[in-house]
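> Residue numbers (numbering that gives the first Met the number 0), protein chains in the order written: chain F, 0 to 344; chain E, 0 to 559; chain S, 0 to 297.
Please keep in mind that the hints were generated in silico from the structure rather than gathered at the bench.
For each residue, glycine too, the CB sits at the ideal point set by N, CA and C.
Take the hints with a grain of salt, since some may be wrong.
Stated by the list, open to error - Between beta-carbon pairs, the in silico distance windows are:
| # | chain 1 | residue 1 | chain 2 | residue 2 | range |
| --- | --- | --- | --- | --- | --- |
| 1 | F | 179 | E | 277 | 22 to 32 Å |
| 2 | F | 238 | S | 28 | 36 to 46 Å |
| 3 | F | 94 | E | 400 | 31 to 41 Å |
| 4 | E | 433 | F | 184 | 18 to 28 Å |
| 5 | F | 126 | S | 223 | 16 to 26 Å |
| 6 | F | 94 | E | 257 | 55 to 65 Å |
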Amino acid sequence: MPSSRSKTGPAGDLTSPAGTGTTNDVPKRPVRASRKNAGRKNRSPLRARLRRDWPLLMMTLPAIALLVIFYYVPILGSVIAFQDYSPYVGIADSPWVGFSNFQWLMLDASFWDATINTLTIMVFQLIFYFPIPIMLAILLDSIMNRRVRLVVQSIVYMPHFFSWVLVVTLFQQMFGGAGLLSQVLRDNGFQGVDLMTNPDTFILLVTAETIWKDAGWGTIIFLAALAAINPHLYEAAAVDGATRWQRMLHITLPGLRPVIILLLILRLGDALNVGFEQFFLQRDAVGRDAAEVLDTFVYWRTLLTGEWSYGAAAGLVKGIVGLILIVIANKVAHRFGEQGIYKKS
Amino acid sequence: MTLPLDGATTSRRGFLGLVGLTAAGGLLSACSTPSGPRPGSGGATAAAGDKLTSLTPTYIPFEGAKPDIPGTVSKLPGVPGYGGGFTKYPATLTQAIPQKLGKGGSYKAMTPLWAPIPPALDENSFFQAVNAEIGATVEFQIADGTTYADKAIARMASGDLPDIMVIPQWEIEKMADFNVAVDKAFEDLTPYLQGDKVKSWPLLANLPTPAWQWSVWNGKLMAVPFPTEPYPLSLLYRKDLFDENGWPLPKNAEELYQLGKTITDAKAKRWAFGDIHEMAWPIFNIPQEWRLEGGKLVHKYETPEYVLMLEFMRKLFEEELIHPNVVSSKGANEKDLFAAGQTTVFRDGIGGWKPLLDQQRPKNPDFNIGVMPLFAHDGGTPITYHNNAAGIFTFIKKGTPKAKVEEILSILNFTAAPFGTKEYELYIYGVEGKHFTRDENGAPDRTELGLKEAAESYIFLGGRPLVTDWVAYPDAVTACAQWQNDSFKYIQTQPTSGIRVQRPAKLSGLQVPTEDKFTDIMRGRRPVSDAKDIVAEWQRDGGNEGRDFFLKVLQENGRA
Amino acid sequence: MTTSPAWMERPSPAGRTAKGVLLTLIVVSVLFPIYMVVLTSFSTQEAVTEAGGLVTRPGGLSLAAYRELFSGGVVTRAVLVSLGVTAVGTALSLVVTVLAAYGLSRTGSVLHRPILFMILLTFLFVPGMIPSYLVVSSLGLVDSYWSLILPTAVWAFNLVVMRAFFMNIPQEVTDSARIDGATEYTIMWRIVLPMSKGVIAVIGLFYAVGYWNAFFNAVLYINDNAKWPLQLVLRQYVLQGQSIYAGQGGVTTVGQALPPSLAIQMAIVVIALVPVLFIYPFVQKHFTKGVVIGAVKG
């Protein structure tokens, strides 16, 4: 792959001529960059394009208005990351401290431990969790009886609505030291086993819990995508004598690909979020070394100290990492000719 | 390693927001540390010692129902006393407030709740009845007790406050700058209550002085306190199972361990212990936080006893004497396990006793709970920790006009009526015949409507002296009162007892990371020998700074 | 029994067996825990005590948990609040999201990238609790049901996903309509939406479930207990069970209520599941192949 891994920014723009189909718009001044690209492409003057596109712009207005009021105004409050903020003193009067909150964060070994744990778990789940809803969706989609399909799907998506406390309790009752498995073993003269307290297998445990809870729910979006695949394609392929496997490889998967890639990129943007409660609950059981993730780290770090600024700094770091990952992932997607989140224009 | 200390540590809050007020053997003094650069963090100037005496309301005991088992009066600084226990419902109730003090005003009150919410005012005959008796309308804004701090902070930060706001001490501990918030958000009650002025509200005058002292911020009386019980935690055990099996009560750590081995039988789904960790601390004579030794402060982590405790707990985990569910999740429902007999000993507040009886006695009359007599790990003189004198505070919104403040205080006077008064019965149980009926012993028994409407609400407004009033279970009251009276002499005061110290944030921030490491030792993930390193890291990362801070507090209070 | 299209021939017996076994395993692994939850919700306190946790073998059965939940009138009222908020919120969110997703779905349209980028940012950075409260409070929305809807009305994730589905509709279809002089609204309404029922149903489900499950905004913005949504009311029943915050800061036992029996907690789980079960078939109905393309093209 070419060296498009360089930092985003003007340099990236220069290395990707319009003709090749790679665009680099996300950097610091997105407005200008995109205008430039779009202009290059469409060749019509801005005013003409405005006249043509204003209905489309109007359509985005309600969403923009809501986001500006309820998102962009409050997000300005994140400047407290650069303050020693007290909510009772307010932003205006809290002293500014520059980057010291970030420096503290970077110097904190526990922050790095938590980040590494978070990323490890994220990557692990990307490999061992992410494909499961896709496979499950294809499996469910292949059930021919509509009623059976409905019932099975309705069942597998239910655990999504269980709280983590309940999910952990259920796993305990199955695989914990006092769980069914252990009882059966003990009744038959063996030692009980406790699969819930081993730090070495913790990542397997949380992934299993996540699969149980969310894989069924995760299928929904893929089922919708499967439904949107043109049935004529299957028909034509069947006529051409393609086997089931061939049809899956050449029609189903390509049909799902845009959605898969979109979700993959969005997941990367969310890379530093692997959940809070699940880890919070099981943290003592396996120890901080195995179970501390960024969210629990920030929680414990700020719980008794009320350090809002520190928490805000951690939030900004998370967002920036997510942003960088999204941009990179999107570029990679474009290299492979995918549309990613924003389509190459 | 160079740390970006300037602008970070020095202005890091915690080392500033201190207001110390103390009552040491009648000689009152106060202290302060230099205020940091934060604008408006004020109030940290020295409050003159004699000012405190004049700050707190005069104590005038209310002559009401006498407990069947007298309690213990506390002479220890900042330590609440024990109010005693009632084994039967008082035959006649006192009318504590001869005439209505309310003037028909209407007030919103934010209170926490850890139980189902009742219907709101216009559909709740219990609220209406109590309000009518008070002579003023209290409209509750009940909030989820577990997310209470979030809501309270948001409301204080925006100034969007109810007339009356209740905040528990453990939430205040999460608000690092509370002494700033309190000045901005709430009315100073000193001019209304100090000294003899409290006499206009005789039931407020019945609240113990240490509790009032704990309600002082920035040298001002800011809240009406809810007094607490003396003991934070105790070891509850299944007395019925212990009696049945003839298990002995332990007198030292070794016996506790042996007991665990005797009781635990995984095949029978029975484990000796639920969570008992926090009770292992006093058993091993570990100080509640600091120990003053020859003019030096030693933190609990630094004591040799702490290592002994770690070794002990490690043994319990290693030999699987603690229920696996408790080991593997914070979400384990310990009370269910205890009720099921899957665990037989766990640590809980002494108040956890009664709800378990409520739940289990109806179907299992033999179900019985005991509280383990205190013992020390080596069989010597035991110690126990203590609560601070007040646990929950009621504040009045800043800028409330004088007449309204006075009316709110009248409401709080009403809700300060203690057990054994008609007012107490009304604001707890409601109206006889409607919200409750009387059982054969004359004790209130809630009706269906009472269960639905009479939620814990008025009880969070202000406070009243606490007693053990589970008259439905005289045996439990006797056992509980006896334990509380017997244990009082073992209360170990802290060097800082009675001084309201806003803990340095850095020290608070160290707590979880450090205890995580100790948890690793207890659970066998790290060797016990690592304890030394963990303590060294703690000292380096802020422990020593914290020590200096506390030593200074003590010096300024003439205690070190 | 539905008739399967010609290209969906029956798989080999071995394949069918393997699939059947796999599906059965999956279904059982989900159903057994759900059975425990439901059974516990119908169990007596003694049966729960006996089990010391979730009940696996039927013992004493009782409706007490459900009676307790629905006796006060508070839960019933909260159900209405939640239904209202969910219905209005989902409708509003869907309209706003569909409009914006369509408005951004034409590559090369003016400003579509910066706007998209602006929406994506909301996915990455989370505003703080206090600034959000200040905004809602200064708009006078505290204690208004709108405070449960407007702050979360647009989810970047949903918008981006819906846009991706819109973009998968072949360009020729919309272009030809445009050449025929159709306005953007007509194209969206007549062509794009009918072809996107599946994704609209899914995104509608996501929004609905989001509104139905949300509780933290209500914690912050609703002071009036009569306006509490269901999740907040139900949470009050399980506070002791979720011991997340228990034992911190030397909590005194003052005022701590009776721990709810596990049966009530599980009844709450069941109650929360029921509407979800009812909704799904309506969503799934739109996952039908063959509505697409062919018809429009001709």
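> Would you mind marking each hint as holding or not holding in the structure?
Verification of the supplied hints:
{"no.": "1", "hint": "F:179 <-> E:277: 22 to 32 Å", "result": "holds, 31 Å"}
{"no.": "2", "hint": "F:238 <-> S:28: 36 to 46 Å", "result": "holds, 39 Å"}
{"no.": "3", "hint": "F:94 <-> E:400: 31 to 41 Å", "result": "holds, 35 Å"}
{"no.": "4", "hint": "E:433 <-> F:184: 18 to 28 Å", "result": "violated, 56 Å"}
{"no.": "5", "hint": "F:126 <-> S:223: 16 to 26 Å", "result": "violated, 48 Å"}
{"no.": "6", "hint": "F:94 <-> E:257: 55 to 65 Å", "result": "holds, 58 Å"}
Checked against the numbered hints listed earlier, the structure breaks hints 4 and 5; every other hint is satisfied.
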